[in-house]
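Student: Here the sequence shown is numbered in the UniProt record's numbering, starting from 1 and rising by one per residue.
No wet-lab data here; the hints were simulated from the structure.
Nothing here was measured: the structure is a model prediction, and the numbers come from that model.
Built from N, CA and C at the ideal position, the CB exists for glycine as well.
Incorrect hints may appear among the rest.
Pair by pair, the computed Cβ-Cβ distance ranges are [to be verified]:
1. E206 / T93: 15 to 23 Å
2. T151 / G178: 35 to 43 Å
3. G211 / P182: 37 to 45 Å
4. R227 / R256: 51 to 59 Å
5. D130 / E96: 16 to 24 Å
6. N34 / A92: 39 to 47 Å
7. R288 / D87: 22 to 30 Å
8. A156 / R240: 19 to 27 Å
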Amino acid sequence: MSDNPINSVSPIAKALLLPLAPVDHRALAQAGVNDPGLRQAYRCCRDLLLAHEGWASGYALWALPPQTRPHAWALYGFARRTDAIIDDGDPATRTEEFRTWRAQVEGDLRAGRSDHPVCRALLHTLHTYDIDPDTVHAYLDAMWTSLTTTTWATYADLYRYVEAVNCSVGRQVLALLGPRAPEATERMDALSAAMYLTDILTDLGEDLRWGRLYLPADELAEFGVIRRELERGEVTPAIRELLRFQVDRVRQLYNRGMEVVDMVEPASRLAVRCGAALFREMLDDIERRDFDVFATPPRAGWPRMVEALLRAGLPAMPARLRNRRTATVRQAAERR
1 MSDNPINSVS PIAKALLLPL APVDHRALAQ AGVNDPGLRQ AYRCCRDLLL
51 AHEGWASGYA LWALPPQTRP HAWALYGFAR RTDAIIDDGD PATRTEEFRT
101 WRAQVEGDLR AGRSDHPVCR ALLHTLHTYD IDPDTVHAYL DAMWTSLTTT
151 TWATYADLYR YVEAVNCSVG RQVLALLGPR APEATERMDA LSAAMYLTDI
201 LTDLGEDLRW GRLYLPADEL AEFGVIRREL ERGEVTPAIR ELLRFQVDRV
251 RQLYNRGMEV VDMVEPASRL AVRCGAALFR EMLDDIERRD FDVFATPPRA
301 GWPRMVEALL RAGLPAMPAR LRNRRTATVR QAAERR
């Protein structure tokens, strides 16, 4: 797998993010990342995200304060690099590839240094924000489960897996956001779980083609759905009701998780709103297509994503502007 992912970025995405290049350069400086090699490591993480997640995610992360933005690239870039082995790797070799990657990561964690750009940025971020390395081990354990487990008996079983995969990353990111209340961790867990469960629903058809089914078996039985119907891509009344139930439950998680917005530093809130808005828009798309997730994965089109980002950004804009004015006044005072 290439560790120079920028070559796979679409020309349109490159053009859309080109105006942010000077901003990203300043962000690295404000984050205290001055070593040229370390800067390149962080840029590799940013490009990895752009290649796999698209321009909208790039703009959502751009909403973070500049001093924390590169660290978000590192955390999400590492998660994306690891996830790509599971989702995009050759089925015949991905188990061994994951073992090799895991051994390298865990060796780098023990050594406290790395020559791999993604790991180097990750280690620097963990150190900068005093993030527990056990969150990385928990994530790797969960990703191994993705290779060895293809069905889930109950929602409780599935949720434990989701907590290990996405909530571990969410807790890392929370350290960057500046938590201001003890309840922030639980709310961030709910938001992280909602995002991952949204991915599970949007990727249902693709996962089935890979032999994986993340919907709990007991809930399939409760709604009278059999796996073969899902594999055929039929949207029967029973399947529609099953998916409606899943969507409603995820929406409840979003409602609880979004309470974290008021529990982090004001300057971080816009990014949380934007990121959540993109995932909630995918959930809306599932409903708009009447729960047909099989033909093509539900994905919000450009106009709807832009609209979602604008809706998310407007409530946080006054605080963002106040923070910017305060910073300008402080810098002017320091120059006197």
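Student: Decide, hint by hint, whether the structure agrees.
Tutor: Evaluated hints:
{"no.": "1", "hint": "E206 / T93: 15 to 23 Å", "result": "holds, 20 Å"}
{"no.": "2", "hint": "T151 / G178: 35 to 43 Å", "result": "holds, 39 Å"}
{"no.": "3", "hint": "G211 / P182: 37 to 45 Å", "result": "holds, 41 Å"}
{"no.": "4", "hint": "R227 / R256: 51 to 59 Å", "result": "violated, 30 Å"}
{"no.": "5", "hint": "D130 / E96: 16 to 24 Å", "result": "violated, 34 Å"}
{"no.": "6", "hint": "N34 / A92: 39 to 47 Å", "result": "holds, 43 Å"}
{"no.": "7", "hint": "R288 / D87: 22 to 30 Å", "result": "holds, 25 Å"}
{"no.": "8", "hint": "A156 / R240: 19 to 27 Å", "result": "holds, 24 Å"}
Of the numbered hints stated above, those contradicted by the structure are hints 4 and 5, listed in ascending order.
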